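*Asks:* In order, the protein sequence lines correspond to chains A and B.
Per the working numbering, numbering of the first sequence is gapless, rising by one per residue and ending at 410.
Per the working numbering, numbering of the second sequence is gapless, rising by one per residue and ending at 1128.
Hints listed in this document are in silico derivations from the structure and should not be mistaken for laboratory results.
As the structure is a prediction and not an experimental result, all values here were calculated from the model.
Beta carbons are placed, not taken as given, at the ideal position from N, Cα and C, and that holds for glycine.
Zero decoy hints are in this set.
One-sided and incomplete, this derived list gives chain B residues near chain A with beta-carbon spacing under 7 Å: (1) 1095; (2) 1097; (3) 1098; (4) 1099; (5) 1103; (6) 1104.
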Amino acid sequence: MATSKALLAPALCASAALFAPAAGAQRCDDAATFPNRVVISGSTAIRPLVRRVGAILAAARGAERVTLVYNTSRGSCSGVAALAGATSGAPQAATGTAEVYNGLDPDHLPGAIPTCTMPAEGLAIDLALSDVYPTECAGVNAARLRDTRVVVLPFEFIGPALNADESGVDAREAYQIYGFGASTAGVTPWTLDARVFQRSASSGTQITVARAIRVPEGRFQTPTSNALSGTGDMVSRVAAAMTTPALGFAGTDATNGVRGTQLRGLAYRHWGQREFYYPDSTAASFDKRNVRDGHYPLWGYEHAIVVSDASGAPVNAAAARVADVLSGAAPLPGGDDIQRVYARSYLVPLCAMEVSRSRDGGDLSLEQPDAPCPRLFECSYPGASATCAPCTDNGACAGGVCRRGVCEAR
Amino acid sequence: MNARTGLLMAALLVCAGACNSNDDTDGGTITVDVPRPDVQRPDAAPDDVTASDVATDAAVDAGATGDATSDAAVDASDGGAYVDGCFVGTPVTMSDFLNRCGGAVAFPARPARGTRLTPDGGVQPLPM
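Next up, chain B with everything else stripped away, as it sits in the complex:
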């Protein structure tokens, strides 16, 4: 078993004990939520804000592991895993790159602000 496989197995075990596959707001745990927003709509138009974006960013604001939580997915096909909210392994999706472990973070995350946020942390459609 190589290191990556070992990590994957550990993450799977943690997930099996602590995760609800539909719960992506349980901060501090590893959860599973697919599909991922950036994979679901790779060709999204600039003004397309998808439902999964909303869920994803709501998770960010909830102080959970955010997209990393929603993507706290242990996906063997990607050859990597989300651990404590950041991605370990070879990144494949946009979310993997953005939330890769080891980045030089600017400052502690804070909730997004604004009057056009929806209660679930998403954003309202643009005015026509």
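Next comes chain A alone, as it looks inside the complex:
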């Protein structure tokens, strides 16, 4: 046991460093240092992806270069509300500090990300990232918001890597634990209130989980100190439980990279479902098979949201371009494919999905993307065993279609 803890301690320190921004000396509004600035706020669940894309955009040349200034002090709905305030004459600026990604290698990001300091009056938010539809956010007037679904973000219940008392959680169990409190619910092994964690009612992650387990997002029962402000906190606090059973939830882009070293992803059985499923086909893979085919319902769309004018046109062209890059409507500078970036980031491109839904937690429907990319996904996710021979035209694809340099079936 002591050995295990000794081994895990450095990993936890690394985790803390991973999510902790470095202290910033530069001002975020320094246009010479941070040209073509786009201020982002909202979801923290998607932070690992923002870092990767931010580094790619910062390394671009000329007009393609964009500086993402990512204020992580809000959750999904707080970010959307702040952005939507601009449409009603009550804008809320981003204040404090923000992450910036100039000079970083997107595939080898440092543990401590540089930050800049906002001016005292703050900076207007240009783009909000949200794990849920803007209409799910209480009090938000979404009339002047352009909402683009960019990628599928799976969520999972998590426990510490060193505790293997249980491998799955049933929706009814999660309902009891979060609806009544762990010590009241008596769902073994999660019976200690101090070891059950939540986010907040404005967290897109919590809203998504709430819809699934049918506990209103504002009525999760945990000790106040266990209501965590961001995904990074969630990962750190659950991992810190070490060998003690603990329960939390987070997006797979934050959990998959530390699976086995800090966290254990739990299988899930939904209401009315016969079996337990991981997001992936096994506890050790990253293929998101059960997300893509509809067996695993704990997922939502990541939304890139910008303000539009009365005609529906975005008012901030740079922010709209970032949203377009994220959706694949505009190319990612440097020649990489955003869908491959998503696959490598433990997310699921929309074009790799076989199912869709029209609202958070809503029922599933069969999905047939216009330009499907399941093969691209299957040879791009971390640990993928499939290899995809590059193609340049349909002739190399034996009746299939050459798309994004990969042979797809249709």
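Keeping the supplied structure of chain A fixed, place chain B upon it in accordance with the hints.
*Replies:* Frame of chain A, contents of chain B only:
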């Protein structure tokens, strides 16, 4: 007769001989129980736990074919059927998707736990 129709016919025959239309806990057989929970309340509020959820999940815990059993429905309008608890065909309802045959199951199913389960396998309403 195509393969799907053949499967549907076979399932209907099995059902006619072995099923009670009101019995959704007879593990291993194909039964019929409508309406389905996820179809009945597609717009259910997060804290709405319907009576049919209770029945459905009780069936899961009974070791029966669970929702698949309760939905072991042979519903021609859906173009599919439940066979041995999993759905074969083109999924339409949430239950069809969740219980579709061929999924990568994590581990053998177990009963749900907790003090706020009701005797029939459902859950108590949340405290106000």
